[in-house]
Amino acid sequence: MAARYPYRCQDCGYRALQSRYAAEDAAAGQVPKDREVKATRGAIQWRRRRREFLLYTGGFLLFLAFLYFITRERSGPSEGN
Numbered sequence: 008m009a010a011r012y013p014y015r016c017q018d019c020g021y022r023a024l025q026s027r028y029a030a031e032d033a034a035a036g037q038v039p040k041d042r043e044v045k046a047t048r049g050a051i052q053w054r055r056r057r058r059e060f061l062l063y064t065g066g067f068l069l070f071l072a073f074l075y076f077i078t079r080e081r082s083g084p085s086e087g088n
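Counted the way our numbering counts, the sequence shown spans residues 8 to 88.
There could be a bad hint or two in this list.
Here are the in silico distance ranges between beta carbons for each label pair [stated by the list, open to error]:
1) R79 - I51: 38 to 46 Å
2) Y14 - A72: 46 to 54 Å
3) P39 - T78: 52 to 60 Å
4) Q25 - A72: 51 to 59 Å
5) W53 - P84: 28 to 36 Å
6) D41 - L61: 29 to 37 Å
7) I77 - P13: 51 to 59 Å
8) P13 - L71: 45 to 53 Å
9) K40 - L71: 28 to 36 Å
10) R79 - D41: 31 to 39 Å
11) Y75 - P39: 20 to 28 Å
Since the hints were derived computationally from the structure, they do not count as laboratory data. Backbone N, C-alpha and C fix where the C-beta goes; we use that ideal spot for every residue, glycine too.
Given only the sequences and the hints, what does the whole structure look like? Please build it.
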């Protein structure tokens, strides 16, 4: 932990430990990596939202189907001879 300090990316908020003796050139090389991390996190969040949307929509449709079947009028046996 010696000679390291916490670093937070201003764009995505990613936190990491960075060396105090890192050259400025190395820090400039981190920008594409930070963008990649941000893009990966965005993709994960999008998949999570899509999955939640599909699950809630499916549950709602099943609930509507259940309501449809319990509220239908039942047709009894016909007595017409």
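Of all the hints given earlier, name the ones this structure violates by number, lowest first. 5, 9, 10, 11
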